[in-house]
Structures are given as C-alpha cells and as structure tokens.
Amino acid sequence: MSATTPLRLSGESSLRAGRRLPGVDPLLLFAAVGLSLCSVVVLHALNGSAYYAGEYKRQAIFSGLGLLVALAISRFDYSRLREFRYVIYGLAIVLNLAVFAFPAPGGAAGASQRRIPLPGFTFQSSTFGMVLVILALSAFAVERSRRMSEHRTTARILLLGLVPAMVVMAEPDLGDALVYGVIAYAVLFFLGTSWKHLAALAALVLVATVAVLTVAPAVGVNVLHGYQRERLTTFLNPTCNTAKDTYCYQLEHGLIAIGSGQKTGTGPARASQATGGFLPQASSDFVFATLGEMYGFVGAAVVLSLYALLIWRTLRIVTMAKNLFGTLVAGSILAMLMFQIFVTVGMNMGIMPITGIPLPLMAYGGSSVITTFTAIGLLESIYVQARMSSAGKSLALTA
Amino acid sequence: MLGPSQAGSRTPPMTPQLALRVALAGGFALLMFAVIFFRLWFLQVLSGSQYAAQAQSNTVLQIPVGAPRGEIVDSSGQPLVQSVAVPSIQIAPRSLPGGGALLDLALKPPVVIPAADGAVFARLAKLLGVSTTAKPCTYTVYVANKGAESFHVPLAPIACQVAQSVAQSQYGNATIKTDVPTYIQDYIAERQAEFPGVLSQDTYVRKYALGNAGAQVFGYLGQITPAELKDKALYKGAVAGDVVGQSGLEAQYNQYLQGVDGAEGVKVNSQGQFEGYGKTAAPTPGDTLKLSLNAKLEQVGQQSLIRSIAANHASGADAGSFVAMDPQNGQIYAIGSVPSYNPASVVNGISTKEWAHLNNPSNHYPLLDRAIQSAGPDGSTFKVVTATAALQSGRWPLNGTFNDYPGRVFCVSGLCLHNAGGANYGVVDLQQAIEVSDDEFFYNLGVKLNGNPAVYPKGFPLQAWARRYGLGQLTGIDLPGEIPGEIGSPLLQTQLWKQERQCDTGTGLYKGHPPHPAVLSPLGDSIVSGGCGIANTSYWTVGDNLETGVGQYQDQLTPIQLAVVYAAVENGGTIVTPHVGAQILSPSGSVIQAIAPPPKRKLNINPTYLAAIQQGLYLAAKGPRGTSTDVMSSFPEPVHGKTGSAELGTQGSAGTDGWYACYVPASATSKPIVVVVEVQKGGYGTSSAAPVARQILSQWFFGKPGPMVGLG
Chain A
1 MSATTPLRLS
11 GESSLRAGRR
21 LPGVDPLLLF
31 AAVGLSLCSV
41 VVLHALNGSA
51 YYAGEYKRQA
61 IFSGLGLLVA
71 LAISRFDYSR
81 LREFRYVIYG
91 LAIVLNLAVF
101 AFPAPGGAAG
111 ASQRRIPLPG
121 FTFQSSTFGM
131 VLVILALSAF
141 AVERSRRMSE
151 HRTTARILLL
161 GLVPAMVVMA
171 EPDLGDALVY
181 GVIAYAVLFF
191 LGTSWKHLAA
201 LAALVLVATV
211 AVLTVAPAVG
221 VNVLHGYQRE
231 RLTTFLNPTC
241 NTAKDTYCYQ
251 LEHGLIAIGS
261 GQKTGTGPAR
271 ASQATGGFLP
281 QASSDFVFAT
291 LGEMYGFVGA
301 AVVLSLYALL
311 IWRTLRIVTM
321 AKNLFGTLVA
331 GSILAMLMFQ
341 IFVTVGMNMG
351 IMPITGIPLP
361 LMAYGGSSVI
371 TTFTAIGLLE
381 SIYVQARMSS
391 AGKSLALTA
Chain B
1001 MLGPSQAGSR
1011 TPPMTPQLAL
1021 RVALAGGFAL
1031 LMFAVIFFRL
1041 WFLQVLSGSQ
1051 YAAQAQSNTV
1061 LQIPVGAPRG
1071 EIVDSSGQPL
1081 VQSVAVPSIQ
1091 IAPRSLPGGG
1101 ALLDLALKPP
1111 VVIPAADGAV
1121 FARLAKLLGV
1131 STTAKPCTYT
1141 VYVANKGAES
1151 FHVPLAPIAC
1161 QVAQSVAQSQ
1171 YGNATIKTDV
1181 PTYIQDYIAE
1191 RQAEFPGVLS
1201 QDTYVRKYAL
1211 GNAGAQVFGY
1221 LGQITPAELK
1231 DKALYKGAVA
1241 GDVVGQSGLE
1251 AQYNQYLQGV
1261 DGAEGVKVNS
1271 QGQFEGYGKT
1281 AAPTPGDTLK
1291 LSLNAKLEQV
1301 GQQSLIRSIA
1311 ANHASGADAG
1321 SFVAMDPQNG
1331 QIYAIGSVPS
1341 YNPASVVNGI
1351 STKEWAHLNN
1361 PSNHYPLLDR
1371 AIQSAGPDGS
1381 TFKVVTATAA
1391 LQSGRWPLNG
1401 TFNDYPGRVF
1411 CVSGLCLHNA
1421 GGANYGVVDL
1431 QQAIEVSDDE
1441 FFYNLGVKLN
1451 GNPAVYPKGF
1461 PLQAWARRYG
1471 LGQLTGIDLP
1481 GEIPGEIGSP
1491 LLQTQLWKQE
1501 RQCDTGTGLY
1511 KGHPPHPAVL
1521 SPLGDSIVSG
1531 GCGIANTSYW
1541 TVGDNLETGV
1551 GQYQDQLTPI
1561 QLAVVYAAVE
1571 NGGTIVTPHV
1581 GAQILSPSGS
1591 VIQAIAPPPK
1601 RKLNINPTYL
1611 AAIQQGLYLA
1621 AKGPRGTSTD
1631 VMSSFPEPVH
1641 GKTGSAELGT
1651 QGSAGTDGWY
1661 ACYVPASATS
1671 KPIVVVVEVQ
1681 KGGYGTSSAA
1691 PVARQILSQW
1701 FFGKPGPMVG
1711 LG
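Top to bottom, those sequences are chains A and B.
Each step along the first sequence adds one to the number in my numbering, with nothing skipped, and position 101 is 101.
One rule links them: number in my numbering = place in the second sequence (from 1) + 1000.
Hints are supplied without guarantee of correctness; some may be wrong.
Unchecked claim - Cut-off 25 Å, straight-line C-alpha distance, at most; resulting in silico cross-link-like pairs (SDA-like, lysine to any residue):
#1 A:K263 / B:Q1054
#2 A:K263 / B:P1016
#3 B:K1671 / B:Q1078
#4 A:K263 / B:A1053
#5 A:K263 / B:F1038
#6 A:K196 / B:P1016
Claimed, not checked - Only some residues are given here: those of chain B computed to face chain A with a beta carbon under 7 Å:
#7 L1020
#8 R1021
#9 V1022
#10 V1045
#11 V1260
#12 F1702
#13 G1703
Said to hold, decoys possible - Have a look at the derived ranges for each label pair, beta carbon to beta carbon:
#14 A:G90 / B:V1112: 54 to 62 Å
#15 B:G1237 / A:A216: 56 to 64 Å
#16 B:F1042 / A:V302: 50 to 58 Å
#17 B:F1042 / A:A269: 21 to 29 Å
#18 A:G90 / B:L1020: 31 to 39 Å
#19 B:V1130 / A:A218: 29 to 37 Å
#20 A:G90 / B:R1094: 56 to 64 Å
No lab work stands behind these hints: they were computed from the structure.
This structure is a prediction, so every number in the text was calculated from the model and none was measured.
Cβ coordinates follow ideal geometry from the N, Cα and C atoms, glycine included.
This is chain A alone, in the form it adopts within the complex (with noise of 0.2 Å):
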C-alpha cells in the first residue's frame, strides 16, 4: 500500500518524489498482529465466563483500530515530531492530570482514578502517556546529544521523565509510573550517557527501593500505599497465607493455573482456573496465567515467541534509525515493551512482583492496545525511513 500525500510533508522524501515509499517492516507487524490474534482467541475462550463476556469482541474492534493506527503512522516521518516536543510533552502531563477531574470508578474513597471516561470507552491516560513520553523525552535528548556526558543532561532528562512519572504514581498508578521511569533510563542508556551516570541512576534506584520498602515504613514514613507494598514484595515470600493476603492468593492462583495447563493445556472449556473465577483478572493482570492453562506450554511458547520475535525486530531498528531521534524512540519503546513482558510473565509465574501493568497487545484494555500499536506506527515509521534514507544514499552512490 502505498500514499503519496505524506511524501510531500517531509522534505528529504520529496527528493525522490515519485517512488515507492518502502514497505514496512513485516517481521514486526506480524509479530504485532499474531499476538493481538492470540489475545482475540484467549479473552474469546473466556468469554463462557460472566466476569469476561464480550471482551473479545472490544479486544479485536481495538486491535484493527490499533492495526491501522500503527499503519498510519508508519506513513510519516517520525522526524517531524521532534518538532512538536513541548505539546507532547505538554499533553502527557495534562492527560494524566486531566484523570483527577473525573470521579474515580465506582466513587469509592481510595479507589484510583486512572482513567478518562469517553463515550463507549474509558480512556487511561497513563498507558497512553508513554508513548508521548517516549516522544518528547527522545527530542528534549536529541536537543542535548552534544552534552550528553554532563551531569545537567542527565538530571534534566531525569527530571523530565520523573514530573509525569509523579502525577502517575499519585492517581495512582504504580506500575505506570515504573514504565515511566525505565523509559527515561533507556532515552539516557542509549543517547550514550557515560556508564557512570548509568551506574550512579542504576544504585539510587536500588537504595530508593530498599528505603522505600523496608526503612521507611520501618521509621514510619510510608512512600507506597501498603497494598503497593505487599504487592512488590509478595512474591518473595513463597509460604505467604493465601486466605488472608490477595496478593499472595493472585500469585498462587496464578502458579496453579499455569501448571494445571501442563505441556499441551487443558482447552478452553476445562480451564476452571481462568473461567470459573479463581485466577483473578484472568483477562488482563492474569492473562498469560490464563493461556498457560488454556494451551499449556505450547501455546505459551508460541505467544513468547511472538514476543521475542516482536523485541528482535525493534532492537533491529534501534540500529537502523536514520538519526539519533529514531535510535532515542526505538530504544525506548525496545525497552517500554521488555519491561512491560518480562514484569508481567515474570509475575504471571510468581518470579516478578505483581504489579498492574498491561501485557503489551495481550491483555485486555483498549488503551493498551492503541498505545502499543501506536509504538509500533513508529517503530515502522523508524524502519521506513531508515530504508528511504539508505535507499536515497544507495541511489547517490550508484547514480
């Protein structure tokens, strides 16, 4: 497929006006459509369950929606966006403040407000903020890849990564708010801060952790709401007590749904874990739980390998991108989606803490599902234009 209209918006395009725009990458977007058609089969299979019904149909309208955003994007040059930083940037924090304004779901005290209600859809701000995060982050280092070795460009980007990553946390949003910062680790692990610096962010991370688990709350100064607490730190205690603590009893349940899935899986229709209730948020928190004992190991091996395929695509076009803009964003969203995998396979099969964080086109949630979609239209746009470019070089030299 082919248009020719934004050809005209990118100035080094319209040097070859008149060819092809290069196809994308279909490695990637086969990755990105297998593992969306996976979930479609998955929240389908769960659909006999009153608690999920209906959600595969949501999860597919999502996923095309998703397909052609992502296809759309890919279109343009990502470039151009460098341009609009500061409202990116802006729109990342007003979208997650934006969220305070509208009464948290079910009007309870203490229960988060993470999301914007629209007509037929509730927006989360926060899933959707990464990806403008990733944006803006990537263009303010751009802006600063010359210094990029001096304390200030670290502790601006640092600092640029942490004011959205805080209006998160307070809706709050744990989980979010931990992508947030990891996206602003990747900007500076791959703008080629010094190791230093690196090492330096990597300690503090590690002593803020420590402190904020275990010291603080010891002193008497809770930073994370106990729930968030036990979350974390549930799954390092094997022999926790699953009828008293929640945490403890998703973690198990997620263990024995996994397991009773054993080498081929037990099939939709005999998935008592997922369906009848006991694995908790089987559609989304729980959704790898749940194809682990839907399709066993073989059907977990063929969405993880989705997965890896997806990772090996993007690490390609983190040293493919045309510029260091492209490189900044590929190795961002590289690492949005590997800690967004990980922590949440990890946690599905009790090796990581249970946090909230969608499994990226997987789980159940339409903002997840744009948001990832929309990292792929760039990802694609990256792969796009880094073969335009090494196309017009290779025209140059052969010409």
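Given chain A, put chain B in place with the hints provided.
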C-alpha cells in the same frame, strides 16, 4: 520487498558505543527469555500434574451425602432398628460466610462464629419459625489430656446448635431441624446465595421397633468424639464428623452399620457460587446386622421384668436384667435391662436435660446395661460352681450325705450360720442339697474346699473352678462395656484390704477423698468399727471361703456370666462365647459375615458329676421340695433351675437381690435355652426372678408369655 539482512547492509554504521548498548539490551532480552522459558518448563511440565490436582480441588466441592445406616433385624428378619430418611435442614459450619464457624481451643469461648453468619442464621430462623433471641447455650469441647470442658455462652438457638456441633467436631454438619416441609427445603436449595452453608438434604434417623425394650443393647448414636476417633478397633473407617454408635450394638458393629458416605460434586467459582454438578459418588448404605435376638421374646422379657420389679416394690426392687441364650452355642435370644430409656429420644444427640435425666441416681441409671455391666453376688445360683469344685477335687464324694438335723446350726471357727428361715432339711445328698438349696450343706463344702491362703493366694479348687467357668473374666459378648466381676480369694482379700486402708485414710486411689477413720484391732489386721466397708480383715478366713461358695462375700457376677455357667452345665462343660449378632448382611440380603465366635474352652467335668448337678437343678425346679417348684412345676418342659437370694450389706441389710438361673436341656427339646433373671433388691429369687424366667420360657416354647406364676 527487501529482506532484513539486505536492509541491514545498507544502514549506516553505528557508533561502537551504540552497538555495545544494543548488544547489551539484546543480551538482556535473551537472558530474560531463557529464564522465562525455564520457569515455564518447570511450572507446566515438571510440576504440572501437581498444579492440575490443585486446580481440580479448587473447583469441585464435595458435599457429603450421608449413607443410610444399616438396619438391625432380629433372627426372623424383623426390623428392630431402622434408618428412616427425613427431610432436614443442616448447616455445614465451615461453609458459612466469614470463613465459617471454627473451633480454636486457644480462645475462650473456643467456638468462633463470625458476625457475618448472623444474617444467614436470622434468615433461616425466620424461615423455620425459630427464635433469634440469645439464650444461655452450653457446649462441651474435648481438650487433649484435659477431658471435657463446658462453656456457657448466650447464643440464639440456631447459632447454639452450630456451636454445639462445632464444639464436637469441626467437620460434621449441624442438623438444625428434621422433618421440615419440602417447600422449605426447596426454598433454601433455590437460594443458595442467601443461605451459604445451609444444606437442605435428607438425614436419616433411627426408628426403634421395640420402644424401650433392648435400648441399651442397640445403643445410641452420636457424633464421633476425638477419643473415639483414635479407637481403630471399634470405629474403623470413621472420620471426623461422622455420626457413629456410642454404645451397644451400634458401637460394636459400627464399622458394618455405618456405610460409606457419598459425595455430591458441586462445581463452584471462587465466590462459592453454584456453577453445576460434578462427579457424584453415591453413598453406600450400611450393612444389615442380623441378630440371634427374638423380638417377641425380648419384649416379653422386658415387660415381665418390669411387672416383677413393680410387684416386689415392697422389698425395694428397683432394677433388673435378663438373658436368654442358646446353651449350645451362646446365641442370645433375649437380653434386657430395666429401667430402660426411649432410644428415639436421643436420636438427634442427647440433650443436656436428657443426659441429666439418664444419669440421675433416682432414675436408676437407665443407660446401664445391667445384664453385662452390673455385677453382684448371685447367692445360691453359685452353688453349681461349688458342687463342681467339690466333686471334681474329690473333697466331696458323689454319694456323700450331710445330716442337716433339725435345729442344726453350722459353725466353723466361731462363726455360726444357719439356713434361710432357720430351716433344716435332714440328711441330704448333693442333688437334694441343690433341690432345697441347703446352705449348711454348701457351707460344709466351702470349709472342705478351703486351704492355706499363704500357699494358694489365688485360691483353692472353688476359685479355680469359678475361673474355669469364666467368672471374674469377660465372657466376650459382642457388646461394649462388659465388666468382669470378681470371685473372692485370698489375693483379692489382700487387694481389697489395701483399698480399704487407702479409703480409710484418704490416700492412694482415694487421695483427695475424705478419710473414713477406722478403729483397728490390736494387731492392726482387721477393722473393729468405722472404715469404708470394702474389706474388714487383711487376711483370708475359712468363713470367707464358705461365703464365697454360696455366692456371697466378694463374689461379683454379671447375669451374662451366670448364663454362661448354666449353659456349661447344660452342654457338658463348654464355655460358650455369648453373642447377640448372628450375621452381617449386605443391603441386598446376602451374607457377608457369619458371627459365630468359638467357645472359650471345654471343661473336663466328669459326666457323672455333671449329671448329678443337673439332676439337682431339675429337682430344684420340679422336685417336691424344690425352691422354684411353685413356679416351675406346672410348666410342661423339663426346667432345670436354681434360685438365688443374694444378701447385700451385712446380713442383707441393704436388701436382697433375687436371681434365677435355669435351662431346658437339648436332651429334652429341639430348642434348648438357658435363662438368667436378676431382680435387684427383689427379695427371694423364687418370687421375683423365677416368674420372669417362666414367662420367657413360655414365650420361647409356646409363643405366649402365659400366666405370671408365683410373683411377689
């Protein structure tokens, strides 16, 4: 379309810095995928089956379906105890909301009923028309090494029933109401969300065909106690929460009668909401216990004994028991104890009030099965043992005579005794002595059978033959709680003297009890006054042996033991093992197991001697001077019977137990029977126990009790 490698070849060279970092990121991703795949392999392939089992138990609840308890039928197959299904409402304490009602012995009170259950109880109370106001509620928990401990807590009736059930067992269901209309059952079954933990299912209750008759023999049921759970012999296969036999045949044959509870698999989600039915295991009904008992005989015995006790009220009669048995093999035809209780009143567990009533001394302990659990001196019925010992030991020749001349008083070592009523019977041989029950004749045997207690602490030929006849030992009847009784001997005397002194001073076994000061003789080996009355001397005297020989002094026999003795006299010396159970039948009626315990032993008694004793017994019932001739002479079967009038306390100051032991031998009938009747404080055996025995014999041989001859 261009392949990626071709595209890669055209990308501009990366900086080495970026290449390193991309490689690091890629390496990290690879590492994570490796970890995840290994973990996945471990969970799904290596531990998969274990998780699958957990998943299975998560989803299907096993709702126990009680097995109907097996029937108890008499020898003709007539049901004596049946299980009848009644629609009931039960509560499964552990399925109640709020985590369920639990027992925590660390707490006071130990039964925890979550507040969340209150709403369920209130809804149920409204439906059943039960009060919801809290009333004093008592429940008992069993604490290891401490025994039972009762708690008094104000609770509404339903909560109280649940608490009592939980206190007994956390696993059993509490039956809230039986015989509920089915529409109430349906209402609850259809609204499980409103009534979590409430079960509407049929429960089985015991129905008793004979009313009070044989109640102690059949026994009652109750939820198994922690102590009973450890009893693997009697309660084999029982699990916590089971309702099991607590006494009598229900306990003895519990493992057969109980059956195997089934389970209804109910699929539930994590909220406990019903999602469908799973695998169901049908309950296996208990086996039928067929007895050798004859229902009609049992009833006649019971009614006749009640009449006799009433007629002898003047002499203090208040209780009694009877045994009718096949002397050839120990099959029991009838066995009963008076007073009795209505077993139907305890089918849903014994209420505190009922328990108090059953254990009030003024009600003479109706739970006691006197035929096997009450031992006392048996008076002259013991004389067959003495006669056997005297003849077999050669201390008395078969043709020997004793001159019981008019006015004779039997004196030995300064102790002078005479026959009942001061009677004298002239010159008597052994047969005649049994016929007239000549005490002085047997005192003489008692003296002849005595020996040196220092050489024979366990006794002399008399004690040896008592032991051979099975006295002082359990008969091995298939009923729990039998007591062995005892027979006077020098050894027993020593033991009793030790107890007496402990009792006098409040030490040893009697530690903590008030002392009963005794004035001792100068030698300190006998009691002059005071004391507990357990033993008066530390030493054995010839007088002790003399009294032992006539079923007095320290002799303690149960009616079932005496029946075994008379059976041995009838059958030529075989000590049978009495048994009530005859067969275990499957619910469809096929024989699973025949109950025929082998005889304990065969006594080697000279047939001539035995014939003489038998002749004496025949004369005692039929002879011109027989002690029970008044009662038995008109009975058209050759009854061999001996009366016994056992004096209680000093010279009968505490009343006289009336005994009668008799048999109709196999040589005279195709259905031989031995009957023993004891009327406690009934006075003379001939006027209290013998008339009951006659009615039992009449029912046995002629199918009707006939007149009550010689009563009172």
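(request) If any of the earlier hints don't hold here, list their numbers in rising order. (result) Of the numbered hints, 2, 7, 11, 12, 13, 16 and 19 do not hold.
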